[in-house]
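Enquirer: Starting from the known structure of chain V, fit chains Z, Y and G with the ligands onto it as the hints suggest.
Residue numbers (the numbering used here), protein chains in the order written: chain V, 1 to 211; chain Z, 212 to 422; chain Y, 423 to 755; chain G, 756 to 1088.
No false leads were slipped in.
Covered stretches of chain Y (in silico footprint by chain G; criterion: 3 or more residues with CB under 8 Å from a CB of chain G, positions within the stretch not fixed): (1) 440-446; (2) 685-691; (3) 694-704.
Everything labelled a hint here was simulated from the structure, so no lab data went into it. Every residue gets a Cβ at the ideal spot worked out from N, C-alpha and C, and that includes glycine.
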Amino acid sequence: MAGLGADWARDWLLRTAAVIAEHRTELLALDRAIGDGDHGENLDRGFQAVASKLDGAEGTPADLFKLAATTLISTVGGASGPLLGTALLKGSVAVQGREELDSDALVALLTAARDGLVSRGKAEPGDKTMVDAWSPAAIAAGEAATAGASPAEVLAAAAEAAEGGAAATEPLVARKGRASYLGERSAGHRDPGAQSSALILRAAARAAGHP
Amino acid sequence: MAGLGADWARDWLLRTAAVIAEHRTELLALDRAIGDGDHGENLDRGFQAVASKLDGAEGTPADLFKLAATTLISTVGGASGPLLGTALLKGSVAVQGREELDSDALVALLTAARDGLVSRGKAEPGDKTMVDAWSPAAIAAGEAATAGASPAEVLAAAAEAAEGGAAATEPLVARKGRASYLGERSAGHRDPGAQSSALILRAAARAAGHP
Amino acid sequence: MKKLVNDPKRVVEESVAGFASAHADLVTASSDPLFIARAGGATRGKVGLVSGGGSGHEPLHAGFVGYGMLDAAVPGPVFTSPTPDPIVAATKAADGGAGVLHIVKNYTGDVLNFETAADLALAEGIEVRAVVTDDDVAVRDSLYTAGRRGVAGTVLVERIAGAAAERGDDLDAVAGIAERVNANVRSMGVALTPCVVPHAGEPSFELADDEIELGIGIHGEPGRTRTKLVSADEVVDLLLDPILADLPFGEGDRTLLFVNGMGGTPLVELYIFFRRAAEVLGERGIAVERSLVGNFVTSLEMQGASITVLKLDDELVELWDSPLHTAALRWGR
Amino acid sequence: MKKLVNDPKRVVEESVAGFASAHADLVTASSDPLFIARAGGATRGKVGLVSGGGSGHEPLHAGFVGYGMLDAAVPGPVFTSPTPDPIVAATKAADGGAGVLHIVKNYTGDVLNFETAADLALAEGIEVRAVVTDDDVAVRDSLYTAGRRGVAGTVLVERIAGAAAERGDDLDAVAGIAERVNANVRSMGVALTPCVVPHAGEPSFELADDEIELGIGIHGEPGRTRTKLVSADEVVDLLLDPILADLPFGEGDRTLLFVNGMGGTPLVELYIFFRRAAEVLGERGIAVERSLVGNFVTSLEMQGASITVLKLDDELVELWDSPLHTAALRWGR
Ligand SMILES: Nc1ncnc2c1ncn2[C@@H]1O[C@H](COP(=O)(O)OP(=O)(O)O)[C@@H](O)[C@H]1O
Ligand SMILES: Nc1ncnc2c1ncn2[C@@H]1O[C@H](COP(=O)(O)OP(=O)(O)O)[C@@H](O)[C@H]1O
Ligand SMILES: [Mg+2]
Ligand SMILES: [Mg+2]
Ligand SMILES: [Mg+2]
Ligand SMILES: [Mg+2]
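Bound-form chain V, shown alone (with noise of 0.2 Å):
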């Protein structure tokens, strides 16, 4: 079962920026009803720079991992610039030297994203934030780790828990975040940072391959 190497990290990072663009209008309209409405312009801001970063750029998964997240640490400014930054940066040193990354290894990367998200934001599970993505991403990454699956086969469980959990924010009260100044009136929407995490999770696994 052969890894996924930069290859698969750029064409990740690159179909994010199309999925991003493209997803633009409905991210600024998630943000708008429970935020200030700038959600998708900051994202789109942030990933198109991290696309022509990866324009003659070499390397590692990881390495390619931390040019996309210092690019978007400093391009995207915001909340989630610097928490999605975080969460990549993290992500790629738990991955860092690997030219290939297996099943396991893509569980370390979304496990050290997930918890440098958590360990900056200082949000958990149910606040109603992009945390609501990431951690079952996670975690549906490690049991699929477990139960023996590809790492295209890892992805897609990790996508499909991410959309999951951001499907499961609409009810949610948030309580971290601009959508917590709503209190009860952020009932009834999707938080917008957990939608755009979703989308970026679905691109991994479109890159590796899974429809």
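Expert: Quick look at chains Z, Y and G with the ligands alone, frame taken from chain V:
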């Protein structure tokens, strides 16, 4: 042929207050189209003040007109306050000392009012201002009196001419007042001051018993 | 349109009360007749400056009462010239024995009411001169109109004449300076949205979502031409061209560039405006020596802006820079 | 909604360029990374003050760069926290060798990006302290939320901490003063209309013609409760009650009363607001010793206002009154 006395003068002014209040919104809308949207408010404020000043006031028609003139000057503001105030003030001087106004006196009143208006505001007939109501009114009143009309008939002739004059302002391009700033775009709208002046003169005829 | 008001008829009165209470160190307000004067009373021996007009243009004029600018301001009802009585009262309050200058924006109502007030003040022994401001190049000349309107340039007249009065100039000299500023200042404005007079409750005009109104006045009156919404830079060009052609301004001129907001346009946009205007002046060899950006002559909540250019000379610069202390503009003390 | 802009993506950049050109005597702007600093550079031996955050709140923060207030400001994209790089660059520009204080409004994005920047600046040998402002009583505490937001009270923190730095206080002392102001200031806002982020092009929320949004933030985020439009006096009461109950403020307290416009509300209305707020404080025996009225912490063209009350003591009054020279606030020089 009995002349019109202080009772008529009082009744005219009170009827004016009522009719302006009734047409306040219409005058506001006319002024919004080619001015600054306050003409109805201005005159309403002024004539309500006139109405309450009249309470308990005594004297000749000229005394009541003078009271109304100074009240308009000190409560209306804008362009119409000093202009209508001056018109009424000059009119009152023209009939000073008389207890009753016959047809000729009414012509003198209206002519002096028109002249006062023109000398104060420097507008000529056709400039799309209240002069376009007062000027034909004074002329028609003179013609009616020469033809032997009663005071009520003189006022009715003036009112009718004023109404015609107000309607005739519609196609004109304004050369005085705020509407002049619009240039050609002022055509197609009736001048608010001409319209309110026609209402005022119709009130004079009604107060004299003309339907 | 929604407004933070109580009784629409008491908007001006309550607002003036709030203004006087917020700036009690600077001004006092008389409520009947309604006017605002400097807290300390008239300065003996100094020419007094009085301005006024309809309300809805705040901070004009009350926000400019204080050291180095006006001695008294007379707010009329919203967009309606005040009557003579409060103007006379303000004139008396501003009189320090050296005469009083009325600074009047050129609108029929303002001119007529200030004229009557000047007559009445004169009858009470106060020497009054009037300067009528008419800086708006959007309006054709008085052959066809009531004459050009006084708009944002009025602030510059009030400031510089106020500085001359503070310096000790006599009434003729102060009036002369005011005339000179008025003769050297040109303005033009644009509106993106209309405004709503509180007691009217309806927009002063209608504008489609992709239209702007060029040559707008400051009373919610429609402008001269309506055009499609274009970029900020293009709007600046549409305003600056007639301004620069009118005086005319030319290479080597020294200027004060004033970008004024109509009330509802965010500062970000005013600075985008300023950037382009300064760029165009630079390209034409016209130096911007002083600048002013902000909401100073407004039209309630109207979205839009105006550009004002004043030709400077050494004396005007010196007067502009001299100490000033009002609620809306302050420097040097 | 119509805007006077060119490319919506270049709004902040062009506006900053205009700002720097209009106030070249006060500030310089760096365009990449984007920040504004005092024209003369850092003052040797003085604690540097840096603030920043999303754009769209102008004049906050760039309008407060200058003597007696900030040394540098970092504008992010509209309503979006800047990234660490420009914050680091601004921190370097503000450093006069006595350390730098970051004044950060409490939003997750601002806090995280300023944190990263502080780490990076420290790595370059600059001592950095951060004070996080959170004066908005509309938000429940951090058990349930990201914590109270920093809103209009931030201006008072920046001003008073800036005065302390100018006086020569060291970093700990300046941070202490900033903390003290933040601990003693409370705010709450109301919106009548939403605002439109240029690149989004759609209103940040919908409000019916007879509705207002209470407890609004400054980023176009919806408020906590929606209610029927009531009179200005009633709105003031709805805002002041939670403010006064929170600190709490009580009889005998000395205060600064700040009525802040959200950008699209005319000054007339802000003063009607001030009038009632001062009246209520008076009735409760709370003295209004200083006041501030105007559009200082805005939310683009949003119609609405906020009320801020700061409890004063002799030292805070003295610092507030000391000389100040920025584009948006100026006195004493
Ligand atoms: N403390 C936090 N932990 C994790 N995620 C957070 C936290 N705060 C906010 N978020 C995420 O960030 C998203 C908003 O990002 P964005 O709109 O780009 O930033 P901002 O809120 O600064 O405008 C939210 O939808 C949420 O998923
Ligand atoms: N110079 C003038 N001579 C005669 N009437 C005038 C003149 N200028 C304006 N008017 C009249 O005044 C009317 C407007 O009055 P009003 O709206 O009350 O004052 P303002 O124009 O100051 O708002 C115009 O409709 C016109 O009839
Ligand atoms: Mg957001
Ligand atoms: Mg009018
Ligand atoms: Mg008017
Ligand atoms: Mg944001």
